[in-house]
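Asker: Sequence:
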Amino acid sequence: MAEPLLEIKDLRVEFDTRDGVATVIDGLDISLYPGEILGIVGESGCGKSMTALSIMRLVPVPPGRIAKGTIRLDGEDLLQVSEKRMRGVRGNAISMIFQEPMTSLNPVFSVGDQIAETILLHEGGSKRAAWQRAVEMLDAVGIPVPEVRAREYPHQMSGGMRQRVMIAMALACQPRVLIADEPTTALDVTVQAQIFDLLKDLQKKTGAVIVLITHDMGAIAEMAQRVVVMYAGRKVEDGPVDEILTNPKHPYTTGLIGCVPHLSADPSEERVPLTDIPGVVPPMTRLGQGCPFAPRCSEAMDKCRLEMPTQSVVGEDHRVSCWLIENDGP
134 MAEPLLEIKD LRVEFDTRDG VATVIDGLDI SLYPGEILGI VGESGCGKSM TALSIMRLVP
194 VPPGRIAKGT IRLDGEDLLQ VSEKRMRGVR GNAISMIFQE PMTSLNPVFS VGDQIAETIL
254 LHEGGSKRAA WQRAVEMLDA VGIPVPEVRA REYPHQMSGG MRQRVMIAMA LACQPRVLIA
314 DEPTTALDVT VQAQIFDLLK DLQKKTGAVI VLITHDMGAI AEMAQRVVVM YAGRKVEDGP
374 VDEILTNPKH PYTTGLIGCV PHLSADPSEE RVPLTDIPGV VPPMTRLGQG CPFAPRCSEA
434 MDKCRLEMPT QSVVGEDHRV SCWLIENDGP
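Residue numbering for the sequence shown follows the working numbering, starting at 134 and increasing by one per position.
Take the hints with a grain of salt, since some may be wrong.
Cut-off 27 Å, straight-line C-alpha distance, at most; resulting in silico cross-link-like pairs (BS3-like, lysine-lysine) [said to hold, decoys possible]: (1) LYS142 - LYS201; (2) LYS201 - LYS260; (3) LYS201 - LYS217; (4) LYS142 - LYS260; (5) LYS217 - LYS142.
These are computed hints drawn from the structure, not numbers from a lab.
All chains should be built: construct the whole structure from the sequences, respecting the hints.
Answerer: Quick look at the structure:
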């Protein structure tokens with residue numbers, strides 16, 4: 134197997150709160166390989182976005198801190214490099230599409246100026262060349278009349294257009310890793326499909342590997358080749374998308390899949406009712422010593438409430454952390 138392009142090992146992120154120390158990511162291991170789209174899925178509050186901010190080294194300090202672990206890009210530990218070096222990595226080797234483009238784009242500069250600024254910062258050159266490249270990037274992401282749109286401000290564009298601008302900005306310096314944090318939040322389903330098609334098409338053209346962060350298993354099924362399922366700051370299951378969708382082993386993964394509506398082409402076929410996951414993600418300061426999902430799990434045993442489950446291999450490149458696996462056998 135090829136060496137991982139980006140490798141996270143034993144990552145732990147903590148925040149100081151009024152109720153004590155909240156461990157928002159605990160012992161996370163993720164490997165990202167060249168040429169793939171990796172999905173990270175889970176409910177709000179599971180640590181998905183904090184994982185992305187840790188990779189970018191944008192965890193707010195204080196109150197947060199990366200307590201331990203390594204994040205290696207081509208063998209270089211990003212947690213040990215200087216802030217100057219990290220500024221050269223952000224937007225260049227690793228780019229991120231943030232969740233809400235309206236708050237990520239500067240309202241007082243045109244979108245063309247903002248893309249050109251990224252190019253000038255990392256690659257230098259003349260302002261004229263950077264502007265022309267910005268127009269080309271807007272054209273590449275499917276924005277019509279890009280030479281006109283480049284002079285517009287974020288408030289003059291629709292949500293889908295602003296998201297395309299964010300993608301153009303993220304890809305302007307041809308990054309090796311592109312992190313997309315809920316890139317279709319608040320967009321209608323037609324625009325969502327267009328954004329996903331655009332990301333897949335650009336990935337094939339540029340060769341960038343993509344980390345797709347979402348709460349939607351439907352998006353994972355459409356976009357990703359491999360998936361990491363997170364709950365309460367921990368990885369509970371990971372493996373190939375097809376394997377996990379057809380043979381989920383963790384009750385939480387099963388619950389996420391059950392929340393996705395299924396439409397059959399045959400109108401006579403009986404509709405499959407949606408299921409829900411009872412309860413909510415617990416506060417990170419009150420996780421206890423057992424499996425954090427145990428209070429919401431219909432199959433929880435006494436052991437689940439007392440001990441954190443260990444990781445088991447249940448198939449080729451398919452791993453799960455659940456005491457049910459040990460109870461039933463792999």
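Asker: None of the hints should be skipped; say for each whether it holds.
Answerer: Hints, one by one, checked against the model:
no.	hint	result
1	LYS142 - LYS201	9 Å, holds
2	LYS201 - LYS260	41 Å, violated
3	LYS201 - LYS217	21 Å, holds
4	LYS142 - LYS260	40 Å, violated
5	LYS217 - LYS142	23 Å, holds
Against the hints set out earlier in the document, violations occur for numbers 2 and 4.
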